[in-house]
Structures are given as structure tokens and as C-alpha cells.
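Participant: The primary structure of each chain is shown beneath.
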Amino acid sequence: MNAIAVLRQTMWSGWTDLRIVYTPTTWAFGWMVRVLCQVVFYSTLGSLLGDPERTRYLLVGAAVFIAANETMMASASTTWERLSGTLALLAAAPAGMVTVLAARSWFWIATGTVSSSIALLALAPVFGLGLGAGEAAAAVALVFATALTNYAVGLCCGSLSLRFHRMRNVFSNLVLLTMTAFGGVVVPVSFWPTGFQWFAAAFPAVHGLEAVRLAVGGAPAAAVLAAVGLAFATAAGWLAVAAASLWWFQRDARRTGSIDFGD
Amino acid sequence: MSHIGIDAPAVEVRALVRDFRTRGGPPRRALDAFDLTVAPGEVHGLLGPNGAGKTTLCKILSTILLPTSGSAAVHGLDVVADAKRVRPLLGIVFGGERGLYARMTAAQNLRFWAALYGLGRREGRRRAAELLDRVGLAPRADEPVETFSRGMKQRLHLARGLVGDPRVLLLDEPTVGMDPVSAHEFRDLVESLRAEGRAVLLTTHDMAEAEALCDRVSFIDGGRLLRCEDPRVLGELLSRHERVRAAGVPAALAERIAALPGVERVRETGPGAVLVETDRGGAALPVLRTLVEAGVTDVSTAPPTLEEVYLHLIGERGMAVRP
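As given, the protein sequences belong to chains A and B, one line each in that order.
The first sequence: position 222 = 222 (UniProt numbering), numbered continuously.
The second sequence: position 18 = 18 (UniProt numbering), numbered continuously.
Since the hints were made in silico from the structure, they are not lab data.
Quick caveat: nothing in here was measured; it's all calculated off a predicted structure.
Keep in mind that the hints are not guaranteed to be accurate.
Okay, the calculated bits of chain A under chain B, using three or more residues with CB under 8 Å as the criterion [unchecked claim]: (1) 3–10; (2) 15–25; (3) 85–96; (4) 247–257.
Anything over 12 Å on all C-beta distances counts as not near chain A; from chain B, calculated [said to hold, decoys possible]: (5) Ala-141; (6) Phe-148; (7) Leu-189; (8) Arg-194; (9) Ala-208; (10) Glu-229; (11) Asp-230; (12) Arg-243; (13) Gly-262; (14) Glu-268; (15) Asp-279; (16) Ala-283; (17) Gly-295; (18) Val-299; (19) Thr-301.
C-beta atoms are modelled at their ideal positions from N, C-alpha and C, and glycine is treated no differently.
Take the sequences, apply the hints, and build the full model.
Facilitator: Below, the structure written as C-alpha cells:
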């Protein structure tokens, strides 16, 4: 089986899906306005506290978390095959469904990176975070790494959503809630008891966000790379769970009959 | 490992059973000791009411569902043990709007599925263009599927089913909801598949479609095979069930007709309108004579259709869904 051809066609299919979600106009004047307002809201809280450091903390946390937020949409879009009625056909195709389901939602990585980067770079000067060209480029690269690694988490939730279709939005929302609360978005991870900190460390976006904070704060490259390494390491774990879960779903569906023609 | 049998039956099903678990109740048996053989190049109709087990059979053959017991093979390859080798041999087409990527163009849809059936980029493009031409969609190749009519989508479904050059096509109620012109065109396409030597397993409710297309027809109900016949032989088998329709028939005349030999029953279908059902060859003639002699001129006879055969075989429950 030509895996590259399958991936290429799957990614094209995902790109056409994106056009269901956004037109350029709705993306710019709907989604991006909402994103900017959200980041401005959190950053303004910092300003109102009169603490420039806290303002920058909230700005970076809110902006970078947009990338995590968008890639968690992969949980929903992984189940779109059921809506288009192609799931049974994928299951019956020689290439199987795992590659297609794993790759079809890639566009959230792209849109998450773009939305998050625009929010960070556009609002940084407004809230007193001066970024040079090098820092800005590093920040965009790290936002991409955050989106890429968090995609594995979204995919894992998507695989569970396929299996437990009635609870399809529960998994992603629980994970997002957990990451928001304990992942250092508005409250430092160190604020929480040690057990919660370990729990938060299981999420790649937490390390991605930390890498961005370190990079824009002028930390040594080694510290930044260590955080990125942790993001990719945890993502590998999530990806393995997602692949196993998709494989399990296909095997279990064959046994129980949970995939119908027209699904 | 089994080998692909060129001379083996295209589809061979033996004592196939599939049970589904139900909440708090006994398992529901969708297929019950089902046997079926489809030869290469045969168009085989599978007729039955909703819930009869037709789609369950197609799902097992297409490897997305495991049987509870029994065996099913495609060109000698077991659909359970050799699922990976069975899949390239099969094309699946089901009716309705679903199963296509609506935002993608017709050509993109086919290229997507070509990749999943192992075709490279160039081969996929060539195959997509060839199939679009074949199903008459070449002029619309680059338009999004969401702009297509139902008939066009169904033709694209068929093209998608053919993208892997399958030896066996499973057509699960492919013309459901189609307008008559589109359905006719679709049947022409299926005829051409037979000419190419591909086996087709066609599930349908449409008796005319089965009669027009199929070499043999299997009647299925309750997960069991009722009969497997040449559609014409089956029609002949029940030709004794000829029907006579008449209008302007007084009640007393209807009673006289009901008493004639070979008349199974007389049903009132409207004010003064009756449908006379016979159960003996030649019984329609005295019915006609009696009606005409009584001055009834609005009279017609109807040859047995496959639907009548079907209804006769599965009894009074007819097309009702099983509980």
C-alpha cells in the first residue's frame, strides 16, 4: 500500500473539511476576533493587577493555549467520517482506517499555529512584551511544536469519541478543562500540589507553553529544547495510545457491528 | 494462507450465522444458517424486507463484521482469516447521499479512494478519469459532489466502488430514492459489469430491478434463505397466482366469482372494484368470462410480478419490519 499516496489524499480531504468550518471571512472576522478578544481579556486582567510580569504571563498563556484549543478540535473532526458515511468504506478498504483517521484532522495544527501566533505577535507589543525578530520566529516555531504535539491528545480523544460516540464531546472538553486549570495557562503549574503537577506534565501542550515562556523570557536554548523534548516525548505516548485505540476501535467494531453502511 | 481462486465461486457462504447482542434480551439472530453461492460474472439479487439480513450479509462479506459462526469466502478467500486479501477484491456501493466527501470534487473523491486501494498518484488519476468517463460524469469531474443530483451521486458511488477494479461488487440498495431515468442508467452500468465478468451481489426491494438485472434471485427473510431461483422460473412457478382486476362489480357478482374453482380470494379494493387472486393455472379465464358475461368491461389481468412471488414466499407480513 502506498502510504504516502494515502497520506497525501487524506490531507487533501482534511483541507476540504476545513472549508466546512471556515471561510476566509468567518475565520478572520469570526474566529480571529474571538481569539484576540479572549487573549486581550486575560492580558487585561494582568494589567488591572498592575503587574507587568503577570500581564506577560497571562498573555503568553492565553495566546499559546489557542493552539492547544484548536488542535483539540481534532477530537470532533476525527468522527466526521461517521457523518459523511465513509467510515464503513474506510474499514473495508485495503489501506484500512487508521492512517486516514490519524491524518485527516491535520489542518487544526496549521490553523492553531496561525491563530495562536497572530494573537501572540499582534498583542505582545500592546501588553509590553517586546519580541525581537529572532524571538518572534522562535515563538512561532514553538507554537507550531505545541500544536503538533497536542494534536496527538486530540487524536486520542477522537479515537475514544469514535468508540463511544454518544460521549464524543466529553473527552476533549474534560482534557481541555484539565489543561486549562492545571497546565500553567493562567495559574502557574507550581501553584498546584505535586500530584497535580505530575498529572499536568502528561500533556504536551503544558511543555510547549513552558518552552514558549522560556524562549520569550530569554532562557538558554538548552532549557527551551528540554521543554520541547518533553512535549514530543509525551506526545509520542499519546500518539501510541491513539493508534492503539483506533486499532482497537476497528477490531471491536468488526466484532460488535458498530460500523454500519452509511456510517 | 488460502489462495485467490479464479475458478472458485465469487461468493460462497455456508451456514452463516450472525447474532447481535440486545440490551437485557436474548441475542437477535440477523442471519440464520444462511447459504449462498454466486458465480463469477453472475448478477445475483438478494431480496427481502427491512431487517431480513441482507445488509448484515453484505457487511460480513465486506469484512467490516465478523460472523458468529459459519463461513463466507470471496474467490476462495475466507473473509475472516484472509480479510486483508479479500478487501482488494471487493467493491462496495450503497444507496443514498452518504459515503462521499461532499466538499471534494468527483475526481478528488475517486483519487482519494484510489490511494486507499493501493494505486499510485498517476495510476489513480488515470483510473479516476476513466471511471468518470464511464459513468458519464467526466464533464462534472471538477465540481464539488455537494452540487450533484442524487442520480449523479449514485453514479459516482458506483465509480468509487469500481476504483480498485474489484472482482465482486456488493450493491446494497443502490437505486433507493433514484428517479426512474437515473435508475435505468444505473442498471445499464450494472449490465456492463456483468459483461466484464464481475460478480455482483445486489440487495434491493425493487422487484422490477431484480427481474431486469439478475441471473438469479435469493429471497431472504428472518436471516434465512427462502428460495434461490432464476427470476423467470420463479415467476413461472407462481403463475397460477394470476390476478384479475375489475371495476363496477356488484357484490353478488363478486360472491359468484369467489365461488369459481381456482379462485383463491376476492378482495375489494374500492367501491365496486375488486382484485381476484387465483391459485390454479387457467383459473383466470372463467373469471374473465364470468365478468364479461355480467357486463363488466373494465377488466384487466396482470402477470405475476416478482413482488407477488416475494410476498407469497414471505407471507402476509410482507414488507413489514421484523420486531
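Participant: Does each hint hold? Answer for all of them.
Facilitator: Here is how each hint holds up against the structure:
1. 3–10: Coverage by chain B holds for the segment 3–10 of chain A (5 residues, Cβ < 8 Å).
2. 15–25: holds (count 4)
3. 85–96: Check passed, 10 qualifying residues.
4. 247–257: Per the Cβ count (5), the hint holds.
5. Ala-141: holds (15 Å)
6. Phe-148: The claim stands: Phe-148 (chain B) keeps its Cβ more than 12 Å from every Cβ of chain A (closest is about 14 Å).
7. Leu-189: holds (19 Å)
8. Arg-194: At roughly 22 Å from the nearest Cβ of chain A, Arg-194 (chain B) sits farther out than 12 Å, so the non-interface label holds.
9. Ala-208: At roughly 23 Å from the nearest Cβ of chain A, Ala-208 (chain B) sits farther out than 12 Å, so the non-interface label holds.
10. Glu-229: Non-interface label stands for Glu-229 (chain B): nearest chain A Cβ at 26 Å, farther than 12 Å.
11. Asp-230: holds (28 Å)
12. Arg-243: holds (35 Å)
13. Gly-262: The assertion about Gly-262 (chain B) holds, with a minimum of 44 Å to chain A.
14. Glu-268: Since the minimum Cβ distance to chain A is about 40 Å, Glu-268 (chain B) lies beyond 12 Å and the statement holds.
15. Asp-279: Correct as stated: the minimum Cβ-Cβ distance to chain A is 38 Å, above 12 Å.
16. Ala-283: holds (43 Å)
17. Gly-295: It holds; Gly-295 (chain B) is separated from chain A by about 54 Å at its closest Cβ, greater than 12 Å.
18. Val-299: holds (45 Å)
19. Thr-301: Nearest chain A Cβ is 40 Å from Thr-301 (chain B), so the label holds.
Against the hints set out earlier in the document, no violation occurs for any number.
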